[in-house]
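So the sequence lines, in the order shown, correspond to chains A and B.
Numbering of the first sequence is given in our numbering, commencing with residue 660 and proceeding in unit increments.
Numbering of the second sequence is given in our numbering, commencing with residue 18 and proceeding in unit increments.
It is possible that some hints are incorrect.
Said to hold, decoys possible - Derived lysine to aspartate or glutamate pairs resembling DMTMM-like cross-links, with alpha carbons at most 20 Å apart:
1. B/Lys79 - B/Asp63
2. B/Lys73 - B/Asp106
3. A/Lys671 - B/Glu285
4. B/Lys281 - A/Glu678
5. A/Lys686 - B/Glu285
6. B/Lys119 - B/Asp106
As the list claims (entries may be wrong) - DEER-style ranges, computed between Cβ atoms:
7. B/Val150 - A/Phe700: 52 to 62 Å
8. B/Val40 - A/Leu698: 55 to 65 Å
9. B/Lys310 - A/Ala667: 37 to 47 Å
10. B/Gly219 - A/Glu676: 30 to 40 Å
To be verified - With the Cβ distance kept under 8 Å, some of the chain B side facing chain A (calculated, not the full set):
11. Ile262
12. Glu263
13. Leu266
14. Ala270
15. Lys281
16. Cys418
17. Lys420
18. Lys562
Source of the hints: derived by calculation from the structure; they are not laboratory data.
As the structure is a computational prediction, the values presented were derived from the model and not from experiment.
Glycine included, C-beta positions come from ideal geometry on N, C-alpha and C.
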Amino acid sequence: MAEEPKLAEELKKMEAEYEPLLPVEKKLIVWSIGLGIALLFILVWVSYTFFPGTH
Amino acid sequence: MEEKKGGISEDWLAFWLAVLIFVISLLSYVGTDPLGWVVSTKEWTDSSKAIAPTGKMYQSVKGEITKIDGNKLTIKKSDGKEETVTVSDASIYKVGDVYEKKGLSGFASLILTYIFMAILFSIGAALMKANIVKFNIGFFFIFWLSYLCWFIGHYAYFAATDAKKAGIPWSLKLTGEGGFIFALILGLIVGNFFRPFAKFIGEALKPEFYIKTAIGLMGALIGLKSAEAFGLASAVLFRGLCAIIEAYLIYWALVYFIARKWFKFSREWAAPLASGISICGVSAAIATGGAIKARPVVPIMVSSLVVIFAVIELIILPFFAQAFLWKEPMVAGAWMGLAVKTDGAAFASGAVVDALVRAKAETAAGIKYEPGWMLMAASTTKLFIDIFISIWAFILAYIWCAKIECKPGEKVSGKEIWRRFPKFVMAYAITFIVILLISAPHAPKIQPVEAQINKIKKEIAATEKQLASVTEPAQQEALTAKINENKNKIKELEGSIKESKKIINDTKVATSGTNSLRVLFFLITFFTIGVMSDFRKLWEEGIGKLAVVYLLCLFGFILWIGLIISYIFFHGVKPPIITG
Chain A
660 MAEEPKLAEE LKKMEAEYEP LLPVEKKLIV WSIGLGIALL FILVWVSYTF
710 FPGTH
Chain B
18 MEEKKGGISE DWLAFWLAVL IFVISLLSYV GTDPLGWVVS TKEWTDSSKA
68 IAPTGKMYQS VKGEITKIDG NKLTIKKSDG KEETVTVSDA SIYKVGDVYE
118 KKGLSGFASL ILTYIFMAIL FSIGAALMKA NIVKFNIGFF FIFWLSYLCW
168 FIGHYAYFAA TDAKKAGIPW SLKLTGEGGF IFALILGLIV GNFFRPFAKF
218 IGEALKPEFY IKTAIGLMGA LIGLKSAEAF GLASAVLFRG LCAIIEAYLI
268 YWALVYFIAR KWFKFSREWA APLASGISIC GVSAAIATGG AIKARPVVPI
318 MVSSLVVIFA VIELIILPFF AQAFLWKEPM VAGAWMGLAV KTDGAAFASG
368 AVVDALVRAK AETAAGIKYE PGWMLMAAST TKLFIDIFIS IWAFILAYIW
418 CAKIECKPGE KVSGKEIWRR FPKFVMAYAI TFIVILLISA PHAPKIQPVE
468 AQINKIKKEI AATEKQLASV TEPAQQEALT AKINENKNKI KELEGSIKES
518 KKIINDTKVA TSGTNSLRVL FFLITFFTIG VMSDFRKLWE EGIGKLAVVY
568 LLCLFGFILW IGLIISYIFF HGVKPPIITG
């Protein structure tokens with residue numbers, strides 16, 4: 660692994676060449692969290708209604 | 018996820034080995050116990066009584082005959098426990114005689130188990146193009162050092178949940194599974210202080226391979242449990258699925274945002290880091306790295322950090338769960354699946370939390386939970402996570418390909434999902450479904466009928482007591498008739514579930530053998546995880562920033578969101594309680 664880049668160098672490079680968040684990345688983050696929160700209510704309802712977890 | 022080193026992939030190999038062992042175990046349905054010789058270890062104060070073969074067919078029995086019923090003898094052993102044995106000719110015995118059957122010694126069973134595992138994994142290593150000689154030398158040390166930990170872990174002073182019952186003044190109450198922790202600690206000592214030795218056994222350090230084979234086998238055990246408590250099992254499966262959907266959607270996006278916005282990581286680093294930290298460690302980091310076409314070094318560096326933190330989680334979280342979640346055992350199990358990264362560490366923490374929480378519930382509240390359910394919650398969530406990685410990687414691959422790094426003519430195909438699919442999960446599904454289909458028509462019939470039989474037996478005992486106190490012949494006759502009527506009822510009821518009982522007993526024989534092997538596979542996983550966790554990585558130049566992101570995300574919100582999600586979906590769900 661002689662050619663393996665040093666992590667420290669990689670991080671320095673990242674600091675020097677910052678890639679700003681693209682609109683599509685922002686969209687991915689917002690949609691993902693939004694969907695997660697919306698689904699939470701639906702899935703909780705389905706779980707407690709159809710899979711009560713008693714035995 | 019799939020590690021290929023020239024030969025067959027680790028995933029496929031784990032799949033085939035698990036299926037092979039499972040098929041062998043099914044011979045129990047033709048009246049044999051094909052894996053009964055596998056060693057099982059009991060809690061001990063006298064080391065000579067610690068190990069024995071798993072199957073009754075192979076165990077030695079000695080004791081006084083207290084009852085003869087048909088060709089069944091009830092034997093009272095020296096420890097006061099009773100055991101029923103079936104003999105071909107009961108007429109040669111009478112009550113009060115001493116019955117003795119020589120079986121396989123515990124030591125012989127242990128040696129056989131080692132040979133079997135060495136051969137089995139050598140085949141695997143050969144197919145993965147590993148050096149067989151080096152593998153076997155390594156495996157020799159891994160097996161025996163791990164087993165030593167397991168044996169010590171079963172010492173009553175460490176394991177007993179009830180010290181009084183075990184006849185000792187105190188106990189750490191770790192249960193026998195404390196041996197897993199000992200194996201991990203010994204592995205960490207070897208990996209960090211005896212590095213030349215760790216390198217020497219390196220060829221056999223394949224924790225993911227061992228754990229994936231074990232998970233394939235675990236499906237059978239879970240299948241039987243599900244048949245016995247179908248409502249609970251289906252709830253655990255569905256809620257596990259819900260929990261991981263939530264975890265994926267919330268975790269990943271948050272970690273990605275923090276890594277990009279606050280720590281200024283590039284996309285190439287942030288995506289594998291988000292998957293590695295938030296979802297499933299090594300597998301997810303590698304899958305995501307592949308999906309976004311990152312350089313191979315990126316997921317590898319992320320993975321090395323993930324493995325170290327997974328071990329820290331494995332050491333801390335089960336004890337935390339024992340202290341604070343013992344009243345919500347399934348929450349604790351699911352939490353391990355959601356929070357602990359890498360397959361090996363997650364399943365392992367599920368096993369430890371299962372043991373620790375059961376021990377705590379028994380000592381603190383006198384509740385004896387059936388073993389395995391917390392492990393099931395942990396493994397269910399982890400398996401769904403593994404399955405979901407391929408879908409998530411596909412989504413990311415699509416977004417990167419179509420929206421971020423658009424290259425003309427490049428397309429993401431459905432084949433990508435299959436390529437990234439964790440194949441060993443199919444072994445779990447097959448063993449689970451086969452055992453469920455065999456047991457489901459029979460298991461639910463047994464318990465209610467047995468409850469009815471017990472009720473009638475109590476009635477008989479009460480009537481017999483009454484009979485002893487009456488002197489009038491008419492009354493005596495009526496009571497005797499009542500007793501006989503009840504006895505006939507019992508015979509009828511026993512007859513109605515005879516076939517079902519046979520099938521469930523055969524299934525238990527099949528699953529107890531595979532389960533003993535599974536436990537040993539888990540054990541060597543713990544040891545090898547420890548050996549492979551080189552904490553020097555933490556001091557490596559530059560890794561500090563990665564470690565800070567990891568620590569911040571892990572302890573800042575991943576653990577707690579995972580706990581909240583587990584609580585939402587699993588609170589109030591309790592494992593079956595062992596009565597009597």
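Within 37 to 47 Å or not, the Cβ separation of B/Lys310 and A/Ala667? violated (24 Å)
Interface hint for B/Leu266, Cβ within 8 Å of any Cβ on chain A: This interface hint holds because 3 Å falls under the 8 Å limit.
Within a Cα-Cα threshold of 20 Å, do A/Lys671 and B/Glu285 meet the stated pairing? holds (14 Å)
Straight-line alpha-carbon gap B/Lys79 to B/Asp63, limit 20 Å: holds (18 Å)
Go through the hint on B/Lys420 and say holds or violated, using the shortest Cβ distance to chain A against 8 Å. Check passed: Cβ of B/Lys420 comes within 4 Å of chain A, closer than 8 Å.
Classify the hint on B/Ile262 as holds or violated, based on whether any CB of chain A lies nearer than 8 Å to its CB. Nearest chain A Cβ about 6 Å off; hint holds.
Status of the given 52 to 62 Å range, CB of A/Phe700 versus CB of B/Val150: For A/Phe700 against B/Val150, whose Cβ atoms are near 58 Å apart, the range 52 to 62 Å holds.
Using 8 Å as the Cβ threshold, decide whether B/Lys281 counts as touching chain A. holds (5 Å)
Return the status of the interface hint for B/Lys562: holds when the least beta-carbon distance to chain A is below 8 Å, violated otherwise. The hint holds - B/Lys562 has a Cβ within 8 Å of chain A, the shortest such distance being about 6 Å.
Have a go at the B/Glu263 hint: is there a Cβ in chain A nearer than 8 Å to its own Cβ? B/Glu263 check passes; min Cβ-Cβ to chain A is 6 Å, inside 8 Å.
55 to 65 Å was suggested as the range; check whether the CB atoms of B/Val40 and A/Leu698 agree with it. With Cβ atoms ~39 Å apart, the hint is violated.
Restraint check for B/Lys281 with A/Glu678, where alpha carbons must lie at most 20 Å apart: holds (8 Å)
Comparing the model with each earlier hint shows violations of hints 8, 9 and 16; every other hint is respected.
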